[in-house]
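Peer 1: The lines below spell out each chain.
Number of protein chains: 4
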Amino acid sequence: MREEFQFWHTVIVRWGDMDAQAHVNNARYFTFFESARIAFFDSVDLRLHNHDSNEGPALVTTTANFRKQVHYPATLEIGVRLTRIGNRSISLAMAAFSEGTNDIVADATSVNAWVDYDKNQSADLPDWLREVLTRHIRLQD
Amino acid sequence: MREEFQFWHTVIVRWGDMDAQAHVNNARYFTFFESARIAFFDSVDLRLHNHDSNEGPALVTTTANFRKQVHYPATLEIGVRLTRIGNRSISLAMAAFSEGTNDIVADATSVNAWVDYDKNQSADLPDWLREVLTRHIRLQD
Amino acid sequence: MREEFQFWHTVIVRWGDMDAQAHVNNARYFTFFESARIAFFDSVDLRLHNHDSNEGPALVTTTANFRKQVHYPATLEIGVRLTRIGNRSISLAMAAFSEGTNDIVADATSVNAWVDYDKNQSADLPDWLREVLTRHIRLQD
Amino acid sequence: MREEFQFWHTVIVRWGDMDAQAHVNNARYFTFFESARIAFFDSVDLRLHNHDSNEGPALVTTTANFRKQVHYPATLEIGVRLTRIGNRSISLAMAAFSEGTNDIVADATSVNAWVDYDKNQSADLPDWLREVLTRHIRLQD
Chain A
159 MREEFQFWHT
169 VIVRWGDMDA
179 QAHVNNARYF
189 TFFESARIAF
199 FDSVDLRLHN
209 HDSNEGPALV
219 TTTANFRKQV
229 HYPATLEIGV
239 RLTRIGNRSI
249 SLAMAAFSEG
259 TNDIVADATS
269 VNAWVDYDKN
279 QSADLPDWLR
289 EVLTRHIRLQ
299 D
Chain B
159 MREEFQFWHT
169 VIVRWGDMDA
179 QAHVNNARYF
189 TFFESARIAF
199 FDSVDLRLHN
209 HDSNEGPALV
219 TTTANFRKQV
229 HYPATLEIGV
239 RLTRIGNRSI
249 SLAMAAFSEG
259 TNDIVADATS
269 VNAWVDYDKN
279 QSADLPDWLR
289 EVLTRHIRLQ
299 D
Chain C
159 MREEFQFWHT
169 VIVRWGDMDA
179 QAHVNNARYF
189 TFFESARIAF
199 FDSVDLRLHN
209 HDSNEGPALV
219 TTTANFRKQV
229 HYPATLEIGV
239 RLTRIGNRSI
249 SLAMAAFSEG
259 TNDIVADATS
269 VNAWVDYDKN
279 QSADLPDWLR
289 EVLTRHIRLQ
299 D
Chain D
159 MREEFQFWHT
169 VIVRWGDMDA
179 QAHVNNARYF
189 TFFESARIAF
199 FDSVDLRLHN
209 HDSNEGPALV
219 TTTANFRKQV
229 HYPATLEIGV
239 RLTRIGNRSI
249 SLAMAAFSEG
259 TNDIVADATS
269 VNAWVDYDKN
279 QSADLPDWLR
289 EVLTRHIRLQ
299 D
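Chains as they are written, first to last, in our numbering: chain A, 159 to 299; chain B, 159 to 299; chain C, 159 to 299; chain D, 159 to 299.
Just chain A, with the same shape it has in the complex (with noise of 0.2 Å):
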């Protein structure tokens, strides 16, 4: 299963994750997943070649299960795998681990537009960011 995995994140769980009822807030996941996303997106180095673009990722939509509860302390494993590079839009799946284990917490995806921000629209991924999603894919078979 973590072998489906081609980049991994870790989150540190906070006690301030927790909700009322005093485990991890499903809201939260979303922030886990984020922070995920996005250093898998700056492990292709978006950011930088992006620096003075107008044009990134906008988030259109986006699904979890939860699997099981976790509760403070914990530190989560997350996977993302890219499962499809589409002509304007970039789409992960995602799922985050107990540390060292092969337990699901809570698995997700994503699909994200690529946006020209100042027209608010969507915009073809620019060629170098499919060449190297493409290679990242390349890599993992």
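These are calculated hints, taken from the structure and not from any lab test. Using N, Cα and C, we set each Cβ at its ideal position, and we do this for glycine too. Hints may contain errors.
To be verified - Computed list of lysine-lysine pairs in DSBU-like fashion (alpha-carbon distance at most 35 Å, straight line): (1) Lys277(C) to Lys277(A); (2) Lys226(C) to Lys277(D); (3) Lys277(C) to Lys226(D); (4) Lys226(D) to Lys277(A); (5) Lys226(A) to Lys226(C); (6) Lys226(B) to Lys226(D); (7) Lys277(A) to Lys277(B); (8) Lys277(A) to Lys226(B).
Claimed, not checked - Ranges between beta-carbon positions, derived for each pair: (9) Lys226(B) to Arg205(A): 17 to 27 Å; (10) Pro231(D) to Ile170(B): 24 to 34 Å; (11) Gln227(A) to Lys226(C): 22 to 32 Å.
Add chains B, C and D to chain A, keeping to what the hints say.
Peer 2: Chains B, C and D in isolation, oriented as in the chain A frame:
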């Protein structure tokens, strides 16, 4: 579109709900939808009935689509629709509208399992809840 | 006590504002006070005047006292009082009351420096702001 | 400066900790200091000793000074110093350093009352806690 929803909950966006892109952060919408879901459950007196019970709802899956950016200051009206009463789960559809408009800024679905918190496993929906939810759906027809 | 405050801002407590002790988390009060502070600044048209400026307020210190626990559902009314107009700073006192009561659940003070964001250093309060704040204080006498 | 602190806790800044000004939000520092405080309390086995007790710490006041802006990505090292063991309270001083530097980005103080949660009123610090805290201070001399 607004007619599809049976229950409404208002969320006042806080300045602190915005992220570094100066719009409301994706994870925050899940907090908004959580607020609406809990208000809906309260509208059928779930907490009242459930006061001495060790059973209750637990979110197992949720999805959101982000349609428009929201910036502070803003007020959102979240419509809630009961979409399925399962043997051991309750499914909802929700949509967040800009106040006083038909503009949906984000929509979501959620499935809550009915859980025995002590045993940490799913349980049948109690009769009183099934009855009140069924009546809820009937009222809308 | 309520008479001491010139400006009011209402905060609706969200279920998600509670922590694992099932009361509103201490850090969340600072978000509430931030909301009140920004609403106060907006009440003197700070953002409007400041639209093309590279200067603005930056929080340099804040203190809060937690007097009573707050549980969802709750509505808080936050009173804001301007306590000092410095050469390069604005000091506020704030108190969060349970809606419709004289019960203070938490109070706070804050100092905002006036900052040149480009130079990342403090700057003199602009004349228009000093004038509008002074008028604000006078109105209250 | 670092020598003044007896206990250390590391916080990894999340992208989502930033606000619309694209720096770490003020309220989030209180979450970071809360993390450090809880880790400190755990270091003297507070939760372990306290497992069957209805008493424990409750934050009554806290102050923070914001010295430097922090942007994602960043790691903060928070030093904790016990400043006072009262009859019914524990006072701490904390400072958040940029990882591996002597740069303090924010510092804070806090007072936790010792509280009988059932009666919702303050109580004397238990002997075991006074003893372990006193030993803690002595170790540092």
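Peer 1: Taking 22 to 32 Å as the hint, is the beta-carbon distance of Gln227(A) and Lys226(C) inside that range?
Peer 2: holds (30 Å)
Peer 1: Is the straight-line distance between the alpha-carbon of Lys277(C) and that of Lys226(D) 35 Å or less?
Peer 2: holds (13 Å)
Peer 1: Does Lys226(C) pair with Lys277(D) here, judged by a C-alpha cut-off of 35 Å?
Peer 2: Given that 35 Å is the threshold and the Cα spacing comes to 13 Å, the pair holds.
Peer 1: Next pair to validate is Lys277(A) with Lys226(B); report whether the Cα-Cα distance is within 35 Å.
Peer 2: holds (13 Å)
Peer 1: Are the Cα atoms of Lys226(B) and Lys226(D) separated by 35 Å or less?
Peer 2: Roughly 33 Å separates the two Cα atoms, so the pair holds.
Peer 1: Given a hint of 17 to 27 Å, does the C-beta separation of Lys226(B) and Arg205(A) actually sit inside it?
Peer 2: Between Lys226(B) and Arg205(A), where Cβ atoms are some 25 Å apart, the hint holds.
Peer 1: For the pair supplied as a hint, Lys277(A) and Lys277(B), confirm whether the alpha-carbon distance does not exceed 35 Å.
Peer 2: This hinted pair is violated, its Cα atoms lying about 53 Å apart.
Peer 1: Are the Cα positions of Lys226(A) and Lys226(C) separated by 35 Å at most?
Peer 2: Measuring from Cα to Cα gives roughly 33 Å; hence the hint holds.
Peer 1: When you check the alpha-carbon spacing of Lys226(D) and Lys277(A), does it fall within 35 Å?
Peer 2: holds (34 Å)
Peer 1: Does 24 to 34 Å hold as the CB distance between Pro231(D) and Ile170(B), or does it fail?
Peer 2: Given about 32 Å between the Cβ atoms, the range holds.
Peer 1: Are the Cα atoms of Lys277(C) and Lys277(A) separated by 35 Å or less?
Peer 2: holds (30 Å)
Hint 7 from the list above is the single one not met by this structure.
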